[in-house]
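Engineer: Protein chains in written order, with this note's numbering: chain A, 13 to 275; chain B, 13 to 275.
None of these hints come from the bench; they were simulated from the model. Keep in mind that a hint or two might mislead.
Listed next, the in silico DMTMM-like pairs over lysine to aspartate or glutamate satisfying Cα-Cα at most 20 angstroms (straight line) [said to hold, decoys possible]:
1) A:K182 - B:D91
2) B:K21 - B:E210
3) B:K24 - B:D115
4) B:K182 - B:E141
5) B:K182 - A:E232
6) B:K21 - B:D91
7) B:K182 - B:E232
8) A:K24 - A:E43
9) B:K182 - A:E210
10) B:K24 - B:D93
11) B:K21 - B:E33
12) A:K182 - B:E232
Sample of chain A residues lacking proximity to chain B, with all beta carbon distances greater than 12 angstroms (derived) [to be verified]:
13) K24
14) A28
15) E33
16) P54
17) E55
18) L57
19) D106
20) D123
21) T184
22) I206
23) N208
24) L211
25) Q249
26) A259
27) G261
What you are looking at is a predicted structure, and each value in this text was computed from that prediction instead of being measured. C-beta atoms are modelled at their ideal positions from N, C-alpha and C, and glycine is treated no differently.
2 protein chains.
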Amino acid sequence: MSAASPTDKAVKARAAIRSGEWTGHTSGLAEGHVQGNVVILPELLANDFLRYCQRNPKPCPLLAVSEPGEALLPSLGADIDIRTDVPRYRLWRDGVLTDQPTDINNLWRSDLITFVIGCSFSFEEALLESGIPLRHIAQNRNVAMYRSNIATAPAGVFNGPMVVSMRPLKATDAIRAIQITSRFPNVHGAPVHIGNPELIGIADLAAPDYGDAVDVLPDEIPVFWACGVTPQAAITQARPEFCITHAPGAMLITDLLNHHLAI
Amino acid sequence: MSAASPTDKAVKARAAIRSGEWTGHTSGLAEGHVQGNVVILPELLANDFLRYCQRNPKPCPLLAVSEPGEALLPSLGADIDIRTDVPRYRLWRDGVLTDQPTDINNLWRSDLITFVIGCSFSFEEALLESGIPLRHIAQNRNVAMYRSNIATAPAGVFNGPMVVSMRPLKATDAIRAIQITSRFPNVHGAPVHIGNPELIGIADLAAPDYGDAVDVLPDEIPVFWACGVTPQAAITQARPEFCITHAPGAMLITDLLNHHLAI
Chain A
13 MSAASPTDKA VKARAAIRSG EWTGHTSGLA EGHVQGNVVI LPELLANDFL RYCQRNPKPC
73 PLLAVSEPGE ALLPSLGADI DIRTDVPRYR LWRDGVLTDQ PTDINNLWRS DLITFVIGCS
133 FSFEEALLES GIPLRHIAQN RNVAMYRSNI ATAPAGVFNG PMVVSMRPLK ATDAIRAIQI
193 TSRFPNVHGA PVHIGNPELI GIADLAAPDY GDAVDVLPDE IPVFWACGVT PQAAITQARP
253 EFCITHAPGA MLITDLLNHH LAI
Chain B
13 MSAASPTDKA VKARAAIRSG EWTGHTSGLA EGHVQGNVVI LPELLANDFL RYCQRNPKPC
73 PLLAVSEPGE ALLPSLGADI DIRTDVPRYR LWRDGVLTDQ PTDINNLWRS DLITFVIGCS
133 FSFEEALLES GIPLRHIAQN RNVAMYRSNI ATAPAGVFNG PMVVSMRPLK ATDAIRAIQI
193 TSRFPNVHGA PVHIGNPELI GIADLAAPDY GDAVDVLPDE IPVFWACGVT PQAAITQARP
253 EFCITHAPGA MLITDLLNHH LAI
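Use the sequences and the hints to build the structure in full.
Structural biologist: Below you can see the structure in the form of structure tokens.
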């Protein structure tokens with residue numbers, strides 16, 4: 013047997029997703045590959061959203077934007093079809109979640125534009141490779157996420173608080189994590205806050221707004237990164253008539269390699 | 013009048029020091045130029061000290077090491093003579109401070125080796141240029157320094173605790189300061205600790221072991237860097253029969269530019 017090329021892993025994972033064989037979370041799938049948050053909007057709203065991402069690059073780092081009505085994303089993978097290649101979607105009408113289908117062929121429109129936004133899975137891989145333990149991964153939980161009081165820069169109808177993810181780290185690991193994630197601006201980059209959560213409007217670390225709480229030990233410091241859930245918060249607030257996103261944790265797997273994102 | 017070349021500033025400052033006209037602190041002199049901590053040891057002890065620096069690059073980043081008996085340091089400046097170009101020296105015999113002369117011509121020996129070690133003045137300039145306020149500079153105080161419980165790696169007779177300098181910063185400035193100082197490994201590099209001082213054996217930030225205390229405000233986090241006073245602590249402990257250092261704050265001014273140290 014010959015060794016699989018790196019891209020084969022991504023192609024195979026997407027094939028399983030496309031066929032409906034895999035409809036769950038993508039954490040750990042096609043290891044080493046960039047995964048993306050997905051937002052699909054009608055062109056009329058997409059222009060506002062594109063400006064929103066441009067103005068808020070830390071929570072909304074754009075990996076790709078499609079042409080209107082174009083379901084393929086060749087810059088992320090030769091065979092990617094956004095209508096079938098996400099394990100589970102969320103359909104939002106007027107800002108209300110109405111369905112969670114496993115493909116969106118029957119919802120596709122000629123005016124839809126797809127946004128793919130970088131995800132912390134990429135920098136978490138770099139942290140783990142550097143020997144920095146991540147408690148939520150060790151405990152097989154989702155990362156803890158909070159609505160902070162850090163305002164995003166509004167654009168058109170899109171506005172709202174920055175959602176942040178928190179990872180508790182020892183001080184030396186926190187310093188190293190800042191160095192490492194600074195090299196990954198396309199997947200949220202350096203942290204936006206360290207230390208006292210109250211300074212960014214988080215009253216209780218044990219009560220995250222999304223994901224699962226993890227303990228912060230006495231010799232650890234909470235480290236906060238801008239989070240790709242931020243656009244979903246802005247979308248909920250903007251109540252667009254039509255919007256499709258990925259379901260949390262069920263991301264688009266691309267052919268890009270995490271290592272290639274490092275600057 | 014023609015503008016002075018960058019090097020002219022360093023040459024002029026050294027001339028004033030060499031003539032005995034300037035015998036004080038060098039902070040703010042020849043702005044933009046690298047200044048160095050100085051340690052001069054007999055060759056017999058210098059080998060141990062060289063290994064000590066090699067094993068502890070964060071507190072003891074070596075900018076230059078002379079040949080035995082050689083008073084010139086051409087890699088740091090064409091006209092530098094280490095016997096005259098430091099504003100004030102400290103003479104140590106058996107680890108005890110015995111004199112603070114302004115030149116060491118009459119103390120020079122053919123077996124002396126000079127070590128020049130990077131100094132935080134270089135990265136402080138980069139922090140200030142990036143708009144990060146430094147309280148000790150704003151308040152015209154010496155930076156606060158503490159003996160931590162972080163052990164250095166011993167070499168021969170040299171051993172001891174890492175001395176750290178502390179600067180209180182807002183979280184976003186602390187993150188930026190980690191990014192900036194990571195680019196300056198030759199002048200202590202990234203911090204060694206952030207947050208709770210007790211975790212590195214510092215009981216009271218208001219009582220520094222060297223320098224002056226500054227307030228840490230409620231929205232600030234203490235950030236700790238390895239400090240060039242560490243070798244002086246190791247020398248005090250090793251009690252070498254003969255040693256010359258610079259007097260604290262009265263550094264060697266070199267022709268090197270701080271900007272050129274950045275990686």
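Engineer: Does each hint fit the structure? Answer for all of them.
Structural biologist: Evaluation of the provided hints:
At most 20 angstroms may separate the alpha-carbon atoms for a hinted pair to count; K182 (chain A) and D91 (chain B) exceed this at roughly 46 angstroms. Between K21 (chain B) and E210 (chain B) the alpha-carbon distance is near 42 angstroms, which puts this suggested pair outside the 20 angstroms criterion. Between the alpha carbons of K24 (chain B) and D115 (chain B) the distance comes to roughly 17 angstroms, so the proposed pair stays at or under 20 angstroms and holds. For the hint linking K182 (chain B) to E141 (chain B), the alpha-carbon distance of about 16 angstroms falls within 20 angstroms, and the restraint holds.
Among the hinted pairs, K182 (chain B) with E232 (chain A) is consistent with the structure: their alpha-carbon atoms are about 18 angstroms apart, no more than 20 angstroms. Straight-line distance between C-alpha atoms of K21 (chain B) and D91 (chain B) comes to about 13 angstroms, which keeps the hinted pair within the 20 angstroms bound. Taking the CA atoms of K182 (chain B) and E232 (chain B), the gap is near 4 angstroms; set against the 20 angstroms cutoff, the hint holds. Straight-line distance between C-alpha atoms of K24 (chain A) and E43 (chain A) comes to about 12 angstroms, which keeps the hinted pair within the 20 angstroms bound.
Taking the CA atoms of K182 (chain B) and E210 (chain A), the gap is near 13 angstroms; set against the 20 angstroms cutoff, the hint holds. Between the alpha carbons of K24 (chain B) and D93 (chain B) the distance comes to roughly 14 angstroms, so the proposed pair stays at or under 20 angstroms and holds. Between K21 (chain B) and E33 (chain B) the CA atoms are separated by roughly 15 angstroms; this keeps the pair inside 20 angstroms, and the hint holds. For the given pair, K182 (chain A) sits about 18 angstroms from E232 (chain B) by alpha-carbon distance, which is consistent with the 20 angstroms threshold.
At the 12 angstroms boundary, the C-beta of K24 (chain A) stays outside the reach of chain B, the nearest C-beta of that chain being 38 angstroms off. Once the 12 angstroms rule is applied to beta carbons, A28 (chain A) is consistent with being away from chain B; the minimum gap is 39 angstroms. Every beta carbon of chain B lies more than 12 angstroms from that of E33 (chain A), the smallest distance being close to 42 angstroms; the non-interface claim holds. No Cβ of chain B comes within 12 angstroms of the Cβ of P54 (chain A); the nearest lies about 36 angstroms off, and the non-interface call holds.
Separation of E55 (chain A) from chain B is adequate, the least Cβ-Cβ distance of about 36 angstroms exceeding the 12 angstroms criterion. Residue-level check passed: L57 (chain A) sits 31 angstroms from the nearest beta carbon of chain B, beyond 12 angstroms. In this structure D106 (chain A) is separated from chain B by more than 12 angstroms, as the shortest Cβ-Cβ distance comes to about 36 angstroms. At roughly 39 angstroms from the closest C-beta of chain B, the C-beta of D123 (chain A) stays outside 12 angstroms, upholding its exclusion from the interface.
Its beta-carbon lying about 7 angstroms from the closest one in chain B, T184 (chain A) breaks the requirement of being farther than 12 angstroms from that chain. The Cβ of I206 (chain A) sits about 5 angstroms from the closest Cβ of chain B, inside the 12 angstroms cut-off, so the non-interface label is violated. Not every beta carbon of chain B lies more than 12 angstroms from that of N208 (chain A), the smallest distance being close to 8 angstroms; the non-interface claim is violated. Residue placement check: L211 (chain A) does not keep its beta carbon more than 12 angstroms from all beta carbons of chain B (closest about 6 angstroms).
No beta-carbon of chain B is positioned within 12 angstroms of the beta-carbon of Q249 (chain A); the least distance is around 25 angstroms. No beta-carbon of chain B comes within 12 angstroms of the beta-carbon of A259 (chain A); the shortest separation is about 31 angstroms. With a closest Cβ-Cβ approach of about 27 angstroms to chain B, G261 (chain A) is found to remain outside the 12 angstroms limit, as its non-interface label requires.
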